[in-house]
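Undergrad: Listed here are the chains, written in short residue letters.
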Amino acid sequence: MNQNKYNHDKKLIALVVLASSLLLVGLFYSIYVGIIIPSSRHGESLGLAKMDVQQYDLIVDDGFELVIQNCTSCHSAKIIVNNRADREGWLTTIRWMQQTQKLWNLGENEYAILNYLAKNYGPEKKGRRAQLSDIEWYELEEGN
Amino acid sequence: MKTDRSNTEKQFDAHASRRGFLKNASIATLGMILGAEIVFGNKLPKGLLPIAITGDQNPVIPGKHSELITLNDRPLNVETPAHLLDPDITPTDVFFIRNNGLPPEITDASSWMLEIAGESVIKKTSLSLRELKSKFKHYSYQLTLECAGNGRNEFDPPAKGNQWKVGAVGCPLWTGVRLKDVLNHVGIKGDAVYIGYYGKDTHLSGDPGMSPISRGVPISKAMEDESLIAWAINGEDLPAMHGYPLRLVFGGWPASTCGKWLSKIVVRNVVHDGAKMGDYSYRVPKRPVAPGEMVAYDDMKIIESMPVKSLVTNPKTGAMIKKGTILNIRGKAWAGDNSVKRIQVSIDFGSTWQNCNLKDPVNRLAWQPWSTRIEFPKKGYYEVWAKATDDEGRSQPMVVPGWNPKGYLNNACHRIAVKVI
Chain A
1 MNQNKYNHDK KLIALVVLAS SLLLVGLFYS IYVGIIIPSS RHGESLGLAK
51 MDVQQYDLIV DDGFELVIQN CTSCHSAKII VNNRADREGW LTTIRWMQQT
101 QKLWNLGENE YAILNYLAKN YGPEKKGRRA QLSDIEWYEL EEGN
Chain B
1001 MKTDRSNTEK QFDAHASRRG FLKNASIATL GMILGAEIVF GNKLPKGLLP
1051 IAITGDQNPV IPGKHSELIT LNDRPLNVET PAHLLDPDIT PTDVFFIRNN
1101 GLPPEITDAS SWMLEIAGES VIKKTSLSLR ELKSKFKHYS YQLTLECAGN
1151 GRNEFDPPAK GNQWKVGAVG CPLWTGVRLK DVLNHVGIKG DAVYIGYYGK
1201 DTHLSGDPGM SPISRGVPIS KAMEDESLIA WAINGEDLPA MHGYPLRLVF
1251 GGWPASTCGK WLSKIVVRNV VHDGAKMGDY SYRVPKRPVA PGEMVAYDDM
1301 KIIESMPVKS LVTNPKTGAM IKKGTILNIR GKAWAGDNSV KRIQVSIDFG
1351 STWQNCNLKD PVNRLAWQPW STRIEFPKKG YYEVWAKATD DEGRSQPMVV
1401 PGWNPKGYLN NACHRIAVKV I
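Chains A and B, in that order, are what the protein sequence lines are.
Mapping the first sequence onto our numbering, position 104 (from 1) lands on 104, and the numbers just tick up by one.
Mapping the second sequence onto our numbering, position 199 (from 1) lands on 1199, and the numbers just tick up by one.
Pulled out of the complex, with its shape left as it was, chain A reads as follows (with noise of 0.2 Å):
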């Protein structure tokens, strides 16, 4: 029984003590691999482990970059994932932002950034009314 759980406990620590260490040379390798190739295009090359990347809460897409470095110095990307426009939507957004806000000029980055905008965060339809969603059931004793 004692020696069991030993054996077991010994493989937990050895599996523990394995995935930290895979994460810590995963996290030197993705900041190495950003160090080298700052200027690529996609986001595992941008100095990030597939799994950071999702952390962005971005679509790792051409132009995921410049969203990166220009669109989450003020607020975080979640203004920008949970809202949906086409490309003179977001062109409208930006120059609001521009003319109220203080973002800056966005020179020839423009145009890759409403790219990368208008296509992963395009308008969905939604009609007049939605059908209720993610709906979570439960079971519901008398007396609720």
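Label pairs and their calculated CB-CB ranges:
{"#": "1", "chain 1": "A", "residue 1": "G127", "chain 2": "B", "residue 2": "R1287", "range": "19 to 25 Å"}
{"#": "2", "chain 1": "A", "residue 1": "L106", "chain 2": "B", "residue 2": "H1185", "range": "48 to 54 Å"}
{"#": "3", "chain 1": "B", "residue 1": "D1207", "chain 2": "A", "residue 2": "G127", "range": "37 to 43 Å"}
Quick caveat, the hints were computed from the structure, so don't treat them as lab data.
C-beta: ideal position from N, C-alpha, C; glycine also.
Place chain B on chain A using the hints.
TA: Relative to the frame of chain A, chain B by itself:
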């Protein structure tokens, strides 16, 4: 079995150690990991890690219920799931947060000053928090605060901004002094038309010269009995996220009029022109427009009283009940400056409606609790829809009301799903 267990534990440990590591890392190190500098990282509210790093859908917000829904973590914009609004007085830990900028860090409010200025005050005056509390009579009211953009997520074409669902509303108990008592004490000129506020929050860009938001109300609203300069919510000091140590509270109007971290009130002889009073912020078209239509600025007007609305707060959506169970349905209803006259529910997608018990508001501008009991006729999928009608006969629409460029004032009836099994 064994492998299963250790796999799960391995994942958990890997996650935990990574989180632990990141929590202890400095902003600069985090920036290094992310491969990009976190500009203004020093302005992150305490206790929060940027979502980019934690990947948390719902970061832990000090003093807040863990089931709240975070729409944005910087600035904090957090809404309440409908079922947490079931208590008649909204508990502070579930009350929604709409920050436009970064809250100030205030640990000692003993030297806090409120300045009353503007072209329509007779004499510019400064009052300390202590003077406010000692010179004027205290009042407590339950006042409904709702973000004008509550429900924005339903508009089509989509409207930009925080994609609020139903929970950017609440009705806590506020304590403070009447704004009118303070204005009368200072003395205002006959030409006063508006008041505006300034707070100590900072603009997201970090520019100290910019105010993130500076809105206000017409003088008539400012002079109402229930318009407060408040320091307490539910009997306690305002938490940092809700404006500590001082804020304005105007029940029934867009909550953006209720300036937080209040340091200055200006009495204006024109409509106040602070940040987010102009452009399209908190404005709707003067006339009905087609979905997606371009609306000229001159055709927009400032939102004042909020429309009639209600929520089903019990049960939580998704309830499965046994056939024969009588379901207790409860909720809240409110109507801006008006009161609610009738509340009805439908379990057949709006074909028939039944009246519910509706309480009077505890005071003007407080929401009204309502309730009913329903027995469902047979097994199956149901939706409970609630529809309130105000004292001028205006009801909530069942579909999304008039589209507007910034997605305000969606008061479509609330729906919850119920299965009878």
